[in-house]
Amino acid sequence: MKDIVILGAGTAGTMMANHLQKKLNKDEWKITIIDERKNHYYQPGFLFLPFDLYSPEALVQPIEKFIPRDVSFVNASIDQIAAGENYVRMSDGSTYYYDILIIATGADIAPEEVEGMMDSEWEKSIFNFYTFEGALALRNKLRNWQGGHLVVHITEMPIKCPVAPLEFAFLADSYFKHKGIREKVKITYVTPLSGAFTKPQATKALEHLLSEKNIDIVSDFAIERIDTDRRAIIDYGGKEVAFDLLVTTPTNKGSKVIERSGLGDDLNYVPANKATLQSLGHENIFVIGDAAAIPASKAGSVAHFEAEILTKNILHYINKEPLAEEFDGHANCFIETGNRRALLIDFNYTHEPVTGTFPFPHLGPLELLRESHMNHLGKVAFKWIYWHMLLKGRHIPFVSTRMKEKGKHFA
Amino acid sequence: MDKIIAGKTIAVNEEGYLIDFSQWDESVGEELADEQNIELSSAHWNLLHYIQDEYKKEVPLTIRKIGKSGVVDIKGFYQLFPTAPLKTASKIAGIPKPAGCI
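Respectively, the protein sequence lines represent chains A and B. When the letters of the first sequence are read in order and numbered with my numbering, they come out as residues 1 to 411. When the letters of the second sequence are read in order and numbered with my numbering, they come out as residues 1001 to 1102.
So here's chain A without its partners, still in its complex pose (with noise of 0.2 Å):
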């Protein structure tokens, strides 16, 4: 009998348990899988949260109901994995030997690692929804706000799932607007990038819709720390920008785990080949997902695509066969502009995200790098392909795990 371990069981390593029940023979393999948490959380809807879009129950389910019941569940925690030897210690002192590991370890935010940002207003007027946690503070905040100066924040990339900061700014503007106190907010977005995304096409589209809902850009700004007491981000450069309400993106960094390992980059995510995702320290590990140190989003999507791919490459790999070099960087996102209207994007590691339709050529019914109530509802839908199609490794139909270039308008 040999062993392959997963290490996560969030969205990327949930999909891979799936998947690789499926294909492997099981009186061969046993697979199993470690995660220290009991709930598995619908991470997009922390972008809805804070607005009371969504209720907290709605985002919430017990991580075994998406493990396969030959999957094999540990609920407890990793201390390190021990690469050269083939095994994982957990903190109770026990061990697991695999053949082959997955890490599915994601990435977290950080917000030590800023000055300020975790003292007396962390909380109070410094808020984050990259947690649960987080979010339903932040949904209790603006519940009584009564406005004031909103500042979006990312502190640096790379950040899960980049387009949310901007996501949120623009559901901010319609949330006030329903509450009727819109003109008291002034709402800031404040980036450490040269605009309001990384590629040119969709910062052009995103920063139109910036300017018609009147949120100001600030780009460019590297925090450097926060002063609590006059309530303002100060960049290193000495740039400043006062706060009555900071949403901040804290810096994200992969599993304490893969630092304690030794096998990752300054930022604990783990280097692979991006085409691949086979880790490049050792042959016998690959990465998915957020944890990975590859040029893709941190995103769910990327996720998706991933999976399909990597899956082919354990068999590859178990099969001793050369392998597929075919992960291209897809992602594919729903941007929520506010009032039930939302854009598409879709790119990979060589095109931007241009216009065009989606996902069939010339037809959509979704259209790419435009505002429309159909993609809104694209959004919407996904949480329930989430838990029921996605997580366990079902394809989403039309959807193809490399980029299609058919009815996409590059340059």
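Careful: at least some of the hints might be erroneous.
Straight-line C-alpha distance at most 27 Å; calculated DSS-like pairs for lysine-lysine [what the hints assert, rightly or not]:
1) K256(A) x K1056(B)
2) K1056(B) x K253(A)
3) K1097(B) x K253(A)
4) K204(A) x K404(A)
5) K1075(B) x K239(A)
6) K1097(B) x K274(A)
7) K408(A) x K1097(B)
8) K2(A) x K312(A)
9) K1057(B) x K199(A)
10) K2(A) x K320(A)
11) K199(A) x K1056(B)
12) K274(A) x K1057(B)
13) K1087(B) x K204(A)
14) K274(A) x K1056(B)
15) K239(A) x K1097(B)
FYI, nobody ran anything at the bench for these hints, they're computed from the structure. Model, not experiment: these values are computed from the prediction.
Knowing the structure of chain A, use the given hints to seat chain B on it.
Chain B in isolation, oriented as in the chain A frame:
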């Protein structure tokens, strides 16, 4: 497009970043720095050579990485290149605009 820098015809993109690093030399760096009103000191040169080396090793650059490089801390980096330091330094060093992240 082509641009005359330090008397040489050099290919740059629409944002002014060099397209071909092999066309760069120190006189090009000096003229590009001059356009940004920066007078290059030895501290500037140390940093520029460091980021060129990282570029040649295909290591993606971030402000965080510069801060941990041992060449300069982030505060010092901003003193050398006061606005958007990583982009400005990359342009002067003749390497592509840092990709940021996606």
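A quick look at each hint next to the structure:
1. K256(A) x K1056(B): This hinted pair is violated, its Cα atoms lying about 30 Å apart.
2. K1056(B) x K253(A): holds, 26 Å
3. K1097(B) x K253(A): holds, 24 Å
4. K204(A) x K404(A): Since the Cα atoms of K204(A) and K404(A) sit roughly 23 Å apart, the hinted pair holds (cutoff 27 Å).
5. K1075(B) x K239(A): holds, 13 Å
6. K1097(B) x K274(A): Roughly 21 Å separates the two Cα atoms, so the pair holds.
7. K408(A) x K1097(B): holds, 26 Å
8. K2(A) x K312(A): holds, 18 Å
9. K1057(B) x K199(A): Holds - the C-alpha atoms of K199(A) and K1057(B) are around 24 Å apart, at most 27 Å.
10. K2(A) x K320(A): holds, 15 Å
11. K199(A) x K1056(B): holds, 24 Å
12. K274(A) x K1057(B): Holds, because 17 Å separates the two Cα atoms, which is no more than 27 Å.
13. K1087(B) x K204(A): It holds: about 19 Å lies between the C-alpha atoms, which stays within 27 Å.
14. K274(A) x K1056(B): Holds. K274(A) to K1056(B) sits at ~19 Å (cutoff 27 Å).
15. K239(A) x K1097(B): holds, 22 Å
Violated hints amount to a single one, hint 1; each of the other numbered hints is respected by the structure.
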